[in-house]
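J.: Residue numbers (my numbering), protein chains in the order written: chain A, 17 to 1099; chain P, 12 to 309.
One or more of the hints may lead you astray.
Subject to a maximum C-alpha distance of 25 angstroms in a straight line, what follows is the list of computed SDA-like cross-link-like pairs (lysine to any residue) [as the list claims (entries may be wrong)]:
# : chain 1 : residue 1 : chain 2 : residue 2
1 : A       : 82        : P       : 204
2 : A       : 984       : P       : 50
3 : A       : 82        : P       : 50
4 : A       : 1039      : P       : 46
5 : P       : 70        : A       : 79
6 : P       : 70        : A       : 256
7 : P       : 70        : A       : 737
8 : A       : 79        : P       : 38
Rather than coming from a laboratory, the hints here were simulated on the basis of the structure.
The primary structure of each chain is shown beneath.
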Amino acid sequence: MRNPASDWPLLRQLRGQDPLARGAAVKSRRTASLPNRAAEADEVVKSICPYCAVGCAQNVYVKDGKVVQIEGDPDSPVSRGRLCPKGSATLQLTTGDAREHQVLYRRPHSSDWEPLDLDTAMEMVAEKVIAARRETWEWESEGKRVRRSLGIASLGGATLDNEENYLIKKLWTSLGVIQVENQARVCHSSTVVGLGTSFGRGGATTFPGDLQNSDCIVIEGSNVAEAHPVAFQWVMEAKARGATVIHVDPHFSRTSALADIFVPLRTGTDIAFLGGIINYVLEHDRWFRDYVVNYTNASTIIEEDFQDTEDLDGLFSGFDPVDGHYDYESWQYEGAPVAAASGNRDRYSEVHDSGHAMRESAHGETAGSGGQSVQGEPSRDESLKHPRCVFQILKRHYSRYSPAIVAQTCGVPEEVFLQVCEKICASSDRDHTTAFVYAVGWTQHTVGSQYIRAASILQLLLGNIGRPGGGIMAMRGHASIQGSSDIPTLYDLLPGYLPMPHAHEYEGLQGYVEADSAEKGFWGNMSSYMVSLLKAYWGEAATAENEYCFDYLPRLTGAHGTYDTVMAQLAGKCKGYFLMGQNPAVGSANNRMQRTAMSHLDWLVVRDFSLIESATWWKDGPEIETGEMRTEDIATEVFFFPAAAHIEKDGTFTNTQRLLQWHHKAQEPEGDARSDLWFTFHLGRLIREKLAGSGDEMDRPILDLVWDYPTSGALSEPSAEAVLREINGSGPEGALSSYEALKDDGSTSCGCWIYCGVFADGLNQSARRTPREQQNWTGSEWGWAWPANRRVLYNRASADPDGKPWSPRKALVWWDAEQDRWTGHDTPDFQAEKPPSYMPEKDAKGPDAITGTDPFIMQGDGRGWLYAPAGLADGPMPTHYEPQDSPFENSLYAQRANPARKTYPHPNNRYHPSGDEPGADVFPFVVTTYRLTEHFTAGGMTRWTPYLAELQPEFFCEVSPELAAERKLEHGGWATIATARGVIEARVLVTDRMSPLTIGTDPPRTVHQIGMPFHWGPNGYSKGDSANELSPMSLDPNAHIQEDKAFTADIQPGRRPQGPGRQRLVEEYQRRAGVAAGTGTKP
Amino acid sequence: MGFFTDTSICIGCKACEVACKEWNEVPEDGLNFTGMSFDNTQGLSADTWRHVAFIEQRKPVGQSQANMQRGFATVVDLGIGPPAAPTVPMRPSLPASADPPQAAGEGSLDGDFRWLMSSDVCKHCTDAACLDVCPTGALFRTEFGTVVVQEDVCNGCGYCVPACPYGVIAKREDDGRVFKCTLCYDRLGEGMEPACAKACPTNSIQFGELEELRERAGGRVDQLQQAGVLDARLYGHDPSDGVGGDGAFFLLLDEPEVYGLPPDPVARTRDLPRMWRHAAVAAGCLAAAVGASLVGRR
């Protein structure tokens, strides 16, 4: 105890320690004992940031059961303790006062919310599910058994834990509900198709930390410094080591600011740009011969009747102009028919007359982890001279993608383009590697899957896949969007990229497996994966006799994606809707369609932190403002359930590098807030209780379902660990350690075969946190990555065919002849004991059929696919097409847009005239949308967070000084931006970061691009119009992802009309442009 | 202890601003769309202790950066293929009517552009005028060499506000007292680094012993200069400058004024001892003169 008198500052000063009284002498007692809430915390709970998919580790400091501080965890090899502004604001997000903690209920036609008791609300929702399901139940559709209900849909999951996604999919599947979707559909579904068909798995081939080993990093279709700031540290690390960073993007962003070279290009033309590089590589012999010949399908010979876009002016052979679909028959390997996930079944189903429906569904996504079946041995010409070998076809296909064409199409000057080509080529050989980084700038197009295919082809030609510093890094956006694809809350998939069965496509389990599994490669064991999943779902009830309850699975009859659900809601078929942490009234294309569709619902359940736009459209949405809807006319019942945050629950997120990281619960949720695990489990429990004793056959799957998870605590929270154990799988001896142990005899159960091993040795491997200093850069003892904890996929390709690294500088895994096994810095993505010299027996099946030199073990032929003989709905090779709405004709072919794209003609979803069509000049500018560092996706986690809202407080658009001058736009003022879908207003930033581009030759035309972040909506602390009021529902045919990265618009100075005038302005634009029902819908 | 902020690797993410506010419980201070590039914070204040400036400039992009193997940022003839057609410049020349918002620096119209970002903070001056003028002892020099306001002592007199040569310290209007960066005084005592430096995704903000930081910064400037980034320079690192050297110094890629920093800050109070000495001498002389006159009269 200090003596207050002697502690008097004047005395301290006079005593001479600090005679001028500027230091210790004036230090107050409070200052001397300042509290430090981190140091004084009772415990530090290990967690993972809930925003993007980088997966930064967080230390959560807890005092007296309450979270008091959240910071980065320096031990993490992913983030090294760093957090971006969003991650840094997690404390305010989770403990701030913007969160709701009370269940709210809106009666039909009511003008406001009323509070509702949580238990009552749960009971009511359970009753509604049961009733809607009964009312809309279908045993058959068009004479085929479907066993389902289209009356209910669920949307959201990418922000949730894997365990939550697992229960959501399990519950809805058992109830026959197939319209289960999440953010992955609108963000990265085309990634799964693009990467999956090229390499055999739909996940990023590498991890951000490995970018530090790159010699050249091409960031295209991604604004990684803004959307994934903490991952960008690895780009900076590479730069510090001498790498060149190239950013190709329509707008100059914070990523461009740190790049060595910025290449502005017209949005929607990346295939022309990448095709140009492919052409350069082939023309100038810059491809990696030993890699291409041994590891790709370059030498494979294609059937004689294949015709290229060169022959058909922008179409491939097999196109049916009436229904707008391709028949893939002519794209096949000669002598070895290829049944990609969809191919074989398509043939089967064509026989059974449902081929159309099959192709309608987004089946390409089943390539997410294997699926290409090659039957027999394809003909090859390793000299690559045969005119029908893939290499020669590829060369012909890209021959017209010249630098001049790139300049005319993309607006990139030839010399800049050539520099990019040269830099990439010079950084891609035995000693050097180039990495590509992309995100939704590539995925969200009507040719999105093919954008990623184009990068895949280029990286294979350059020998950059499976090697350190190489690869294709798909930057995913939500904390667990990779997980919600792997354990899919997606309509067309079952866990582990097993396809959802189609109606009558196969008679039973055996037919399903035969139609889908591959003869060769790891997909050959698909029956084990499927039977084990059915055992995880239906346990004891699943027996060999009843085909493990395969019949319990509801059946698809076409596309049931989120945009199809919108149409089903408008048609009154879909009556109930669950929004699980997703905000389609801002985040999905054409917000007006989303809201209008929701107004047709009988009931809506929204689970979120705050009252997002998708929860309140009935009282304050734009249609209420314009008078098109009246609150009292809207009969939809709305339930709002406050959700628990990541710090209030246990579970795993799967980040952008396929890494599962466990986050521990740090505090109990307040009030009515509950985890989605709690909500889904107890909803299922209530439904099961209410249906108990039902003799109705339609209720068997829900009653037989394994739904006995242990609960604990005052809230009866189900055990996430128990769910993860079920996902991992078990056999007679307990938890399984590898999917190679799965059996198809009913002796094993496994909720997601690619996650088998996350509980290896009975331990939760996802919770491992060995500090980064204690391991190499792959961080293999931090968390657990699928598959089998491999960090760089296809890393067998980092060694030459003999098993030796291509160069010492780029060594990753290699064959150790002394120990007779593969070894190295990473876990080999290859059977560890299969020597490079291994050649399969003639009739070998499954993994045994893959040779010792085939690095792409999920592919039926073990090769990387330069040419995809099956698996894609719009062509075996990427081809440049203009976006749905474009001011230009296609500079390469007569075919303007992707002929197989999916359109949704509707009065609220009109398309623009394009190219030379009359009226196209009414919408003369090109719009692209993007993210900002300070906000997150549709804004639900940032616009309500004051520390973030103040950093970017208003919605704005970015225009060049030239466009500003042309349209008299004032910097800092307002602009009105219009399309045939909607009009919005935005503050104007006139900036050199947007630049006009010169397109075409005859004569060259200047095109202006307008950039817009898409985070805003009318609710929250920071408010604004939503950019997605403007975008059309127009989809990639493979993945059914929308094109909101490139469309046309008009811009005018000043604010938009308020009230009824707003919609009148849209109609006026439609009239002026001559927009009609058929506009833009021709294939 | 202090900060070295290397702006050549700043990505303008503002994690520093948020991490600072979270740790120090600094209030959110309003939604103000400024139109100043991406800077809606505007400057340091009582409620903003870290501020990221954004400067849009017509200068080649590559020069903002630190690449050891550069030579790519400007177009060179690679000798590939036929000579290029008349080129389309990456940034066409501007129409006279346009009014670019942030055209700091000399505007070259032939193409290139760069976007500078820099996180500003209290400089924790060696000769700290704020501390010198503080009449209450609220401002003090900590055992870490940093300058901190003691909230329980400050009486809101505001003398420090005009004294600061950087305009950093400011009054919180509804509170009356002054607030500024403490360099996370409460964290340093626990061996924790300041919140901003910890969060910084690219390590643009580095925390450590000043001597070591100065050495590192010097090396970094040399490296950048050798790589052709001739604009690279240090700011506030020199102990012989007008404030005796900053405890938070910077690597800049342009003149300090471009970033809103004073080119030659001086702590006017550092002349006080000399002034007092002169005054004392004058007083002594005066006393002597008076004494002498008394003696003389006798």
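J.: All the hints need checking, so say for each whether the structure fits it.
T.: Hints, verified against the model:
With a CA separation close to 23 angstroms, the supplied pair residue 82 of chain A and residue 204 of chain P stays within the 25 angstroms bound. About 24 angstroms separates the Cα atoms of residue 984 of chain A and residue 50 of chain P, which keeps this hinted pair within 25 angstroms; it holds. Between residue 82 of chain A and residue 50 of chain P the CA atoms are separated by roughly 34 angstroms; this puts the pair beyond 25 angstroms, and the hint is violated. Under the criterion of a C-alpha separation no larger than 25 angstroms, the hint pairing residue 1039 of chain A with residue 46 of chain P is consistent with the structure, at around 16 angstroms.
At most 25 angstroms may separate the alpha-carbon atoms for a hinted pair to count; residue 70 of chain P and residue 79 of chain A exceed this at roughly 51 angstroms. Distance hint between residue 70 of chain P and residue 256 of chain A is fulfilled; the C-alpha atoms sit about 22 angstroms from each other, no more than 25 angstroms. For the given pair, residue 70 of chain P sits about 55 angstroms from residue 737 of chain A by alpha-carbon distance, which is inconsistent with the 25 angstroms threshold. At most 25 angstroms may separate the alpha-carbon atoms for a hinted pair to count; residue 79 of chain A and residue 38 of chain P meet this at roughly 22 angstroms.
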